[in-house]
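Starting from the known structure of chain V, arrange chain H on it as the hints suggest.
Protein chains: 2
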Amino acid sequence: MLIETIIKSTGNILRSEFEFLKSSSMKDKFDLVTSSDIKIEKMLIDYIATHFPDDSIYSEEAGSIGKASNRRWIIDPIDGTSVFVFGVPYFAISIALETENGIEEGYVYNPFSEEFYHSSKKDRCSYLNNKPIRVSRTSSIDESLVAFGFSADKTNIIRYLEEWGNLMASCRKALPLVTPSLTICNVARGRIDAYIDFGSSMEGKAAASLILQNAGGRISGYDSSSFDFREKGHICTNGNIGVEDYRTVK
Amino acid sequence: MLIETIIKSTGNILRSEFEFLKSSSMKDKFDLVTSSDIKIEKMLIDYIATHFPDDSIYSEEAGSIGKASNRRWIIDPIDGTSVFVFGVPYFAISIALETENGIEEGYVYNPFSEEFYHSSKKDRCSYLNNKPIRVSRTSSIDESLVAFGFSADKTNIIRYLEEWGNLMASCRKALPLVTPSLTICNVARGRIDAYIDFGSSMEGKAAASLILQNAGGRISGYDSSSFDFREKGHICTNGNIGVEDYRTVK
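Quick mapping for you: the protein sequence lines, in order, are chains V and H.
Start counting the first sequence at 625; every next residue gets the next number (our numbering).
Start counting the second sequence at 625; every next residue gets the next number (our numbering).
One or more of the hints may lead you astray.
[Claimed, not checked] Derived BS3-like pairs: lysine-lysine, alpha-carbon spacing no greater than 25 Å straight-line:
1. H:Lys632 / H:Lys755
2. H:Lys797 / V:Lys663
3. V:Lys746 / V:Lys632
4. H:Lys632 / H:Lys663
5. V:Lys797 / V:Lys874
6. H:Lys856 / H:Lys745
7. H:Lys778 / V:Lys797
8. V:Lys874 / H:Lys778
9. H:Lys691 / H:Lys745
10. H:Lys666 / H:Lys632
11. H:Lys691 / H:Lys666
12. H:Lys797 / H:Lys778
13. V:Lys745 / V:Lys632
14. V:Lys691 / V:Lys745
15. H:Lys797 / V:Lys778
16. H:Lys663 / V:Lys797
17. H:Lys778 / H:Lys856
18. V:Lys691 / V:Lys666
19. V:Lys778 / H:Lys778
20. V:Lys856 / H:Lys797
21. V:Lys663 / V:Lys632
22. V:Lys778 / H:Lys874
23. H:Lys856 / V:Lys797
24. V:Lys632 / V:Lys755
25. V:Lys666 / V:Lys632
26. V:Lys745 / V:Lys755
27. H:Lys632 / H:Lys745
[Stated by the list, open to error] Here are the computed distance ranges between Cβ atoms for each label pair:
28. H:Thr723 / V:Lys856: 52 to 58 Å
29. V:Asp869 / H:Ser775: 19 to 25 Å
30. H:Asp766 / V:Glu724: 42 to 48 Å
31. H:Thr779 / V:Glu724: 47 to 53 Å
32. V:Thr658 / H:Pro677: 50 to 56 Å
33. V:Ser633 / H:Asp852: 47 to 53 Å
34. V:Ser848 / H:Ser848: 41 to 47 Å
35. H:Ser763 / V:Lys856: 31 to 37 Å
36. V:Lys663 / H:Phe644: 29 to 35 Å
37. V:Glu855 / H:Ile689: 52 to 58 Å
38. H:Ile662 / V:Gly866: 35 to 41 Å
39. V:Thr629 / H:Ser659: 35 to 41 Å
Think of the hints as simulated: they come from the structure by calculation, not from any bench.
Backbone N, C-alpha and C define an ideal beta-carbon position, used for all residues, glycine too.
Only chain V is shown next, with the shape it has when bound in the complex:
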């Protein structure tokens, strides 16, 4: 598999850049991460442009590249920039292939835990390190492990409390988590049961949404509408408990 090779080799670079990110100035730190971001992005773009010369590419920093095509690669060189800066090894490289039928292939890689997730639409199965994965079988709210995507922005937090306070109080355990790609994959592999985020970006969830669906999970828009990965936000569940069950918990 071509993509596996490039995503793992850029992952190794990202890993060493994370380890050596030391600087006493905050501004420098963010500049360094941006420079890692651009370096990784360039490698991924070069690879895809070489191997799939007829396809177009969309990437976070570089924007749209290449001729118009009904095959488009969506790249997130570092999903989880803020935790990268804060020193938490929970970030990923995410690559998705979009066609006129939606997301066709998805790849997510955490270079620290060496978790490589992938799925393709025609395969109808998802894999973690080449072994099939499935969502959890949890079927009650009070047994659910639920991730919320809030950062520590005061307005966001108040919004989560207002909209999800009952769920937080009723589920088995709720945790604030960032990095949509990996957290959606943690629903896909059955580690957690749901994940709610109103701020997730297209690049961070394009690949993971296919991985989740092919592992038996469901994903909707944040307003419970049908899922469009181009829109901000999402609600992921294991499919045994519906979005509406989570939304309306008393």
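Below, chain H without anything else, positioned relative to chain V:
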């Protein structure tokens, strides 16, 4: 160094238990983690009891072990149990040696990022993978990266918002993080500038508090009192910005 050997070998076991924690039931998952916790704890206790037969030991699951002594080893076999369950590789093994002079030695190890922190009181320096570390030089609130220890418990979140809402809105970036041992060490190594948590346990911060202080940082109680690692909660800073500066930001 004896402790480095045992902490790394138990870390490798913990890493593989994390990877293979798969179960469709929430209850099973927590039981499995508890069983990892007890297994790691037993290995650490056996090691210390063999090599330091005159010392006493305190560990989270096992409680107090051994004869009364003015040398006590404080063990946290998994700091960050909830993120372990949720699939986030940000947990650590923490070991501290306490004497009548306070924490004498501290060791913290993340088996995924292979970050091994240690410090000893007499050495007056702290190390990450055997290289000296220092806190950041950030000296203004608006450049500060600040971690908050809140889980998604509604009461906790409201308390953080009331007490720290101004700081969250004024600092460069705030993030909710768990795992006190590693997050305190991220202040010690200069990755972030402050870390505020009212719930941190003794076992999770005993070792890291020495690592922070010997890297130039400061730690106080959550109420800004002088630090006692036996009390819940803490405020850590790089020492360039004081606890009171963070507390009173408008």
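Range hint 29 to 35 Å: satisfied by the CB atoms of lysine 663 of chain V and phenylalanine 644 of chain H? holds (34 Å)
Holds or violated: the 52 to 58 Å window for the beta-carbon distance between threonine 723 of chain H and lysine 856 of chain V? Check passed, 53 Å falls within 52 to 58 Å.
Quick check on a hinted range of 42 to 48 Å for aspartate 766 of chain H and glutamate 724 of chain V, using CB atoms only. holds (47 Å)
Pairwise beta carbon distance, isoleucine 662 of chain H to glycine 866 of chain V, judged against the given window 35 to 41 Å: About 37 Å separates the Cβ atoms of isoleucine 662 of chain H and glycine 866 of chain V, which means 35 to 41 Å holds.
Indicate whether the distance between the beta carbons of aspartate 869 of chain V and serine 775 of chain H respects the range 19 to 25 Å. The hinted range 19 to 25 Å holds for aspartate 869 of chain V and serine 775 of chain H, with Cβ atoms some 22 Å apart.
Hey, lysine 632 of chain H versus lysine 755 of chain H, does the alpha-carbon distance stay inside 25 Å? Given that 25 Å is the threshold and the Cα spacing comes to 17 Å, the pair holds.
Given the hinted pair lysine 797 of chain H and lysine 778 of chain H, is their Cα-Cα distance within 25 Å? holds (22 Å)
Run the distance test for lysine 632 of chain H versus lysine 663 of chain H: straight-line Cα separation, threshold 25 Å. Status holds; Cα separation ~15 Å.
Hinted pair lysine 797 of chain V and lysine 874 of chain V, Cα distance within 25 Å: Status holds; Cα separation ~16 Å.
Lysine 691 of chain H and lysine 745 of chain H were given as a pair; does the straight-line alpha-carbon distance stay at or below 25 Å? Judged against 25 Å, a Cα distance of about 24 Å means the pair holds.
Are the Cα atoms of lysine 691 of chain V and lysine 745 of chain V separated by 25 Å or less? holds (24 Å)
Is lysine 874 of chain V close enough to lysine 778 of chain H, meaning Cα to Cα at most 25 Å? holds (14 Å)
In terms of the numbered hints stated before, the structure departs from none.
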